Every structure is written in C-alpha cells, then in structure tokens.
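Next come the chains, spelled out residue by residue.
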Amino acid sequence: MATALTLPGPGAARGLGSRAWLALYVPGAALLALCFGYPLLNLLGLSLATPGLGNYVQLWDSPVFGTVLLRTFTTSAVVCTVCLVLGYPYAYAMTVVSPRLRDLLLVIVLVPLWTSLMVRTFSWLVLLQDNGIVNAGLTGIGVGPLPLIRNSTGVTIGMAQVMLPFAVLPMYAIMQKIDRRLLQAAASCGARPTAAFLRIYVPLSLPGVLVGLSLVFVLSLGFFITPQMLGSPSNALLSQLIYTQITQLGDGGTGAAMGFVLLLTTLLVLAAMVGLRRVAARSAR
Amino acid sequence: MGRKGMIAAAYACTALLAAAACGGGSAPGSLTLMSGGGVYQDALDAAFARPFEQETGVVVHDDPTLNYAKIKTMVEAGSANVDVIPAEGYWAAQNCGTLLEPIDRTVVDLSGIDPELIESECSAPLLTYTSTIYYNNTRFPEGTGPTGCADFFDVARFPGKRAASSSAMPNPLVECALIADGVPREQLYPLDVDRAFRKIETIKPDLVFWNSGSESSQFMLAGEVDMILAWNGRAYAAIEEQNAAFSPAYGEAFLHYDTMVVPKGVADPAAAMRFVAFTMDPARQAKLTTLIPYEPSKPGAPLVDLPPGLQEFLPSTNPKVAEGVIVQNQRWWAENGEQVTARWQQTFNG
Numbered sequence: 001m002a003t004a005l006t007l008p009g010p011g012a013a014r015g016l017g018s019r020a021w022l023a024l025y026v027p028g029a030a031l032l033a034l035c036f037g038y039p040l041l042n043l044l045g046l047s048l049a050t051p052g053l054g055n056y057v058q059l060w061d062s063p064v065f066g067t068v069l070l071r072t073f074t075t076s077a078v079v080c081t082v083c084l085v086l087g088y089p090y091a092y093a094m095t096v097v098s099p100r101l102r103d104l105l106l107v108i109v110l111v112p113l114w115t116s117l118m119v120r121t122f123s124w125l126v127l128l129q130d131n132g133i134v135n136a137g138l139t140g141i142g143v144g145p146l147p148l149i150r151n152s153t154g155v156t157i158g159m160a161q162v163m164l165p166f167a168v169l170p171m172y173a174i175m176q177k178i179d180r181r182l183l184q185a186a187a188s189c190g191a192r193p194t195a196a197f198l199r200i201y202v203p204l205s206l207p208g209v210l211v212g213l214s215l216v217f218v219l220s221l222g223f224f225i226t227p228q229m230l231g232s233p234s235n236a237l238l239s240q241l242i243y244t245q246i247t248q249l250g251d252g253g254t255g256a257a258m259g260f261v262l263l264l265t266t267l268l269v270l271a272a273m274v275g276l277r278r279v280a281a282r283s284a285r
Numbered sequence: 001m002g003r004k005g006m007i008a009a010a011y012a013c014t015a016l017l018a019a020a021a022c023g024g025g026s027a028p029g030s031l032t033l034m035s036g037g038g039v040y041q042d043a044l045d046a047a048f049a050r051p052f053e054q055e056t057g058v059v060v061h062d063d064p065t066l067n068y069a070k071i072k073t074m075v076e077a078g079s080a081n082v083d084v085i086p087a088e089g090y091w092a093a094q095n096c097g098t099l100l101e102p103i104d105r106t107v108v109d110l111s112g113i114d115p116e117l118i119e120s121e122c123s124a125p126l127l128t129y130t131s132t133i134y135y136n137n138t139r140f141p142e143g144t145g146p147t148g149c150a151d152f153f154d155v156a157r158f159p160g161k162r163a164a165s166s167s168a169m170p171n172p173l174v175e176c177a178l179i180a181d182g183v184p185r186e187q188l189y190p191l192d193v194d195r196a197f198r199k200i201e202t203i204k205p206d207l208v209f210w211n212s213g214s215e216s217s218q219f220m221l222a223g224e225v226d227m228i229l230a231w232n233g234r235a236y237a238a239i240e241e242q243n244a245a246f247s248p249a250y251g252e253a254f255l256h257y258d259t260m261v262v263p264k265g266v267a268d269p270a271a272a273m274r275f276v277a278f279t280m281d282p283a284r285q286a287k288l289t290t291l292i293p294y295e296p297s298k299p300g301a302p303l304v305d306l307p308p309g310l311q312e313f314l315p316s317t318n319p320k321v322a323e324g325v326i327v328q329n330q331r332w333w334a335e336n337g338e339q340v341t342a343r344w345q346q347t348f349n350g
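Those protein sequence lines, which keep their order, are chains A and B.
Under the UniProt record's numbering, the first residue of the first sequence carries the number 1, and numbering increases by one thereafter.
Under the UniProt record's numbering, the first residue of the second sequence carries the number 1, and numbering increases by one thereafter.
Read the hints as simulated data drawn from the structure, not as lab findings.
Quick caveat, the model's predicted, so the values are computed rather than measured.
Don't take every hint at face value.
[Said to hold, decoys possible] Here are the computed distance ranges between Cβ atoms for each label pair:
#, chain 1, residue 1, chain 2, residue 2, range
1, B, H61, A, P89, 45 to 55 Å
2, A, G54, B, E76, 34 to 44 Å
3, B, V155, A, R282, 52 to 62 Å
4, A, G66, B, R195, 22 to 32 Å
5, A, Y56, B, G143, 34 to 44 Å
Glycine included, each C-beta is placed from N, C-alpha and C at the ideal position.
Only chain A is shown next, with the shape it has when bound in the complex (with noise of 0.2 Å):
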C-alpha cells in the first residue's frame, strides 16, 4: 500500500530498457501473489464459507461491531491529526536546522522504530499510570492527578508516539525538496511571511503531508498492543475483536469476516485520499 502512495520519480525505468524493468517487477509481484494475495483468497473463502453470506449478516446484526468498527476509524484519524499538528513543524525544522542538528533530530525520530513495541508500551503504562512520575510532576505544579491511561488519552499518547516517524519522514522527504527561494520571491512581491508560508510553503510540502497522514491512518487500523494495554475495554478496535475471535473462540470465519469489511472500508478511504493528492497536487501547480 506504501509503495502505491509513493510519488513515482522521473524516469524511473530510465537505466533499463521496458522489458527488464518488467523483469525486476516479476519476482516481487510472485511473492506477493503466493504470500499476500493466495492467504487473502483463503481468507474470503473462510468468511464466506459458513454459511453462505452468514457471518457479514451477523455482523451487521452484532451491536458491537458497527462500533468498534467506527472507533478503529475515528482513533486513526485523531492519531493522524496529533502526528501532523507534532510532525509537521518537526520536519519543517528539519529543514532549517545546520546539518549535525538535522541528524539527531532525525535520530530521535527513528529511536522509537528500533524499540520494542511491547516495551515501549509497556513504558508508557509505568510513566503514565495514576502514581506514576508524569503524574506526580503535574501534581507537583498543581494540575494532576489527570487519568492518562485506560482512556483514550492513553491510546493515543501510544499510538501518535509509534506513528510519529511515519508522519514526519514522508514530509521532511518533499519540504526538503522545495525551493525556498520561492519564499524569498513572494516577500519581495510585497507578501507577509505568513502569506507567502500558507500560500506557497504549505501547498507545496502537501503532498509530503498527505503521504505521511496516508501511513499513518492505515498503519493505526491495525492497532492491537498499544490500545490493548493504554486503553480501557471501552476503546477496543477492531484488531482485538478478531483476535478474540479467532484465538480464544476458534472462530475463523467471523475473524476473517471481521478482517474483510476492514480491508474493504480502508482501501475505500485510501481511494478517498489519492483522490485528495491529486487534486492538492493540481493545486500546487
């Protein structure tokens, strides 16, 4: 899905001539026929298999899902929302900063990726429980005890932390590539430095944006640790359900069931952003 959001570059096939490029293609698109595509076509026979159309009937039946289902959507799109309002100016600064600093700033972005998730979330539990020490420093300045985890505070502290680089490296990747000189054009045409930032910068780094906000959503709808443990039962998503489906009622059918309407809702949405980058990049043109 990454690779389809990607923006092609120029002459990608430039080196080689078009039917060794379609070479190359063949080995990947094999594997993923035989390790992605083969189990997805089992998958939606197992949901189909009893009986008939019986577990998406009972899915639309269940009170549950529809929620959950809505849940695991609208937490993405909060997770998406901090990662922009915290990654955004994170990666604008990237690009401003002398090289050394840029480098560990891009460090301390990428540290979560080579950590644990269990023991990050784990992490996250002992600092942020009720006596824990992010609780005990705002006792001390007289705004806490606040609840931070078992809510969905805590879900998505978890979440936009893990989901952070996805945000901020797409974005750096296009901002860095702007040509700031353009800023410069537009204040000697007489535009103020927010003029010139929100009506040449921003449009300009959108597509950066969109990437990045497209990774982040559909990387957070699989979520099952971090609201597991950050959130209460009552901020479940839809990963857990068909984990408790299928593990501890040996259910596959309604699982897969489950995991379809997923797949099916995202690529949708998914198909809702592309439509958005092209008409951003028309824009910026």
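Got chain A; can you put chain B on it based on the hints?
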C-alpha cells in the same frame, strides 16, 4: 551492479524467502514443547524437558510462541509440528476430537487427579492455579478489608477501584458476580449469564482491567487499585517478592488448570504420550512448584523447598485458601464461551 546482476539478485532473494517459508516440522526422534515462553517455559524446561531428554534420549525443543489459532491452522493443514502443549482447560475441552488426540490412558496415568479437572478425554491436567481477591492494605487496614466476592461487588461498603482480567474467557468475574448475587457455590453451573452481567453492570464504573499477569502485578505494585481479582502466582510475585502493599481477602478461590494436550497429526504420537506420562509424575510436578508458583495436579509428593512465603498462596499448603476453592467448570466455558464473549463485548467494548 549490472542489469542482469540486479535481476538475478531479485530472483535469488525470492527463492531464499520461499525456501525459508517451507521449513519446520519436528525431526524424527525429537519432540517440540510449545508454551507461552518466559519463566513458564523455563520452568517446564527444567522440571520436565531436560530430565526427559536425559532419560529417554528424545530431544525436546522449546517453542515459546503458544497461540491457539496457530495450532488450529497447523492441524487443519495436516502438519502439526508441535507435539505437546500445556493448554488452558477450556481450550482442551473445546477442541477435543477435532484438533486434539485423546490421551492414551494405557501410557498416561491420571489416577489421583481430581476427577473434576478431567473434563475431556484429551486432557491430562498438569497444574492448577487460583483466581483470588487481594486488597490494598493501605486503603483498608488489615482486618477491615473485603473478604470475598460479596464485598468485591459491594461498592457502598467498599468504595474504590477494582481490577479483573480483561479477557472474557474464562473470566471468574462471572462466577464471582453470581456468588455475590446470592447463588450458592454448589449451584453455580450452568451459569446464569444474564444474572451475572446484571450484577457486573453494578460495578462497571469502578472496574478496570489487567491484560496480562505481569500487568496485574503492576497494579498491586503501584497501588493503583483498591482490590483485584488476580492469579495467586502473580499476587505472590507482587506481594512476597516485591513488597506490594496487598493482602489476600481469602473468600473464594476459583481454581483453573493447565492441561497437557497432543495435537492431531503429530509425527510420533507414542513419543508425545510418553512425554505427557513423564509430566504426570508427582515428584516432578512438585519440583515445578519450586520454580514457578503453580501447584501440582497430582498429589502424592510433598511440596518442599518452596520459596519463602509461597505456602500462604497455595490451596494445598494454606487451609484458608483451600476452604474457598471452587473449581471453574471448563467444560461449561468451552460450550458457552461464545455467548459469554458476545455479552462481555456488548457490556465493555460497545
């Protein structure tokens, strides 16, 4: 790299990946023991796997990735490459005859094990543990704390946060609710699910959940809750080993068990049964209790060399715990798990 080199490399990588995906399977003359890993696997290894290897020459491999869905997939694909698994009682009862082999009683001696625990012909119960209520003794000084399920559900007399397992199945909170609502313990099963959830609703605003045993210990260590329904082994670890300010409420002790099972289609069922038989030795089971705070299913060997303080937490070494023991009916849970899970999700995930 030239064009041909790149293409060759791409194909070579694909071939490597394909080869890596097709490995697996226990080699002849060896067994694979699958469990959840960590200290549990280490203890099983020291108490059973290594001694079995020495005695029989059959190599025992550890697989720490226990996942019921994985076993189901393997058995259905006709290639089970794990041979022996300590599984939860409900799962053994749920999958006996479909995914699991019946235990060969001519090889495996189950005599002496509480018949209440042998709920399917695929089960060879290995060890037991309990879910008991523990309370925060800084919040309720010794002697004024809750004394069982009735108090756990009494938010008027015992206000405060209470914690229980987040997993619907098989959650003793359901049994605890019925007892608090006045159902005599001999008449618990079949569980009245509606009645139980009506009772659970009354403490819903005060309930928080632990997702793993280690998280239940963390609740006690941080003093985040005022009482908790937790496994005795985890309570022991928090209270005795790490000085959490919690005390046992005694009252009810819901007894669960792990049981050895053998999946269908293993390479050498006879060797797997021999291993199961080996784990049914009272002395070896008693050895396990010195390594991890679970109790033997099979009485007969005295529990000696226990770590300090552990005897307080086990039914067979503390009459106050033994008095409260209620064996959780895993067969009922196997047959009704779906219904309870749906109700649980409606109550808590909706």
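Hint check results:
In this structure the supplied range 45 to 55 Å holds for H61 (chain B) paired with P89 (chain A), their Cβ-Cβ distance being about 51 Å. Checked against the given bound of 34 to 44 Å, the beta carbons of G54 (chain A) and E76 (chain B), roughly 20 Å apart, lie outside it. Separated by about 60 Å at the C-beta atoms, V155 (chain B) and R282 (chain A) satisfy the suggested range of 52 to 62 Å. For the pair G66 (chain A) and R195 (chain B), the beta carbons lie near 27 Å from each other, so the given range of 22 to 32 Å is met.
In this structure the hint that Y56 (chain A) and G143 (chain B) lie 34 to 44 Å apart at CB is violated, the actual value being about 57 Å.
Checked against the numbered hints given earlier, this structure breaks hints 2, 5; the rest are met.
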